[in-house]
Amino acid sequence: MKTFKINTMMLLFVAALFSMPTMAQNKTTPTLTDAEIASVAVTANQIDVDYGKIALKKSKEAEIRKFAQTMIDDHTSVINQAVALAKKLGVTPKDNAVSKSLMDDAKKTKMTLDSKEGKAFDKAYIDNEVSYHEAVISTVKNVLIPQTQNAELKDLLQSVLPILEHHLHMAKNAQANHKM
Amino acid sequence: MTTGKLWSVLVLCGIGLLFFVNRSFVESQKTDALWPLRSFTAINPTLVTNTKHIVIIKGMVFDPAELHVHKGDTVVWINKDLVPHNITDFPKNRWTSGTLALSSSWEKSISNTFEYYCSIHPTMKGKIIVDP
Chain G
1 MKTFKINTMM LLFVAALFSM PTMAQNKTTP TLTDAEIASV AVTANQIDVD YGKIALKKSK
61 EAEIRKFAQT MIDDHTSVIN QAVALAKKLG VTPKDNAVSK SLMDDAKKTK MTLDSKEGKA
121 FDKAYIDNEV SYHEAVISTV KNVLIPQTQN AELKDLLQSV LPILEHHLHM AKNAQANHKM
Chain R
1 MTTGKLWSVL VLCGIGLLFF VNRSFVESQK TDALWPLRSF TAINPTLVTN TKHIVIIKGM
61 VFDPAELHVH KGDTVVWINK DLVPHNITDF PKNRWTSGTL ALSSSWEKSI SNTFEYYCSI
121 HPTMKGKIIV DP
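Protein chains in written order, with my numbering: chain G, 1 to 180; chain R, 1 to 132.
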């Protein structure tokens, strides 16, 4: 009887251990509809277009300017595809907690970037590009793709991933050249 | 017309017919005799029309990244990605396609082996190999 009690307690302990990460995930992973996912995709791309425009205004460094122009062109192109697909599917992108949080963070980052000049700006811009792309890749992979219901929207998000990964690689290369 | 004359006309017609049939037969033999030669010329690579090869740009890669062609062939690059790309000589940038918008294509006649890349996204690389 005593052994049974100990075994039961151990099982409960193990079950509790295994259930912890699941509970944590449920608590932190927001639930989104396809309309909200489309909004997050458009917002995330628009934020990087805006960062690129700030860089073109403030940086004199050729590598930074070329990278910023590529970010503007590529993310604008992705936005156009996302908007066209949403229109085709009859989905109106809808603001939500994730897109609002992205916009709030972007507001703070833009203020930081605006306050810097010269090499300090170049470093701040490229450092942010590395961390921003890392965060967006993680969100697309772990939050947006698994929750997307529509197959075409899911395909679009999956096609965006290699672009984001390539941007991250380019940003890391530029970061290595702009260490202070 | 007498029976004799009629026979003569018939015999002459017969000879004429035989000659005609025989000539057609010889011609068809000549044609047949040419057939293996024609077949040979059709497979002779120097006389075959140059081939068009296609490279698809999608998911930030050139597919196929390495392509074997013959001298004089044409390669067509089609941009099926979500973002603009280009095809540029690597590493010397001696020529470029210019920006390839979405769903657009660019072609080049191939005369030698070369490497190329997308100068917008420099890790995207490809190679065209001219086989002997």
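Honestly, the hints are just simulated from the structure, not real lab data. Treat the hints with care, as some may be off.
[Claimed, not checked] Only pairs whose alpha carbons sit at most 30 Å apart, straight line, appear in this in silico BS3-like list of lysine-lysine:
| hint | chain 1 | residue 1 | chain 2 | residue 2 |
| --- | --- | --- | --- | --- |
| 1 | R | K71 | R | K92 |
| 2 | R | K52 | G | K66 |
| 3 | R | K125 | G | K154 |
| 4 | R | K125 | G | K123 |
Each hint, compared with the structure:
Only pairs whose Cα atoms come within 30 Å are accepted, and R/K71 paired with R/K92 is accepted, the gap being roughly 22 Å. For the suggested pair R/K52 and G/K66, the alpha carbons sit about 34 Å apart, so the restraint of at most 30 Å is broken. Between R/K125 and G/K154 the CA atoms are separated by roughly 27 Å; this keeps the pair inside 30 Å, and the hint holds. Proximity of R/K125 to G/K123 is assessed by CA-CA distance (about 28 Å); at most 30 Å being required, the pair is judged to hold.
Violated hint for the displayed structure: number 2, the only one.
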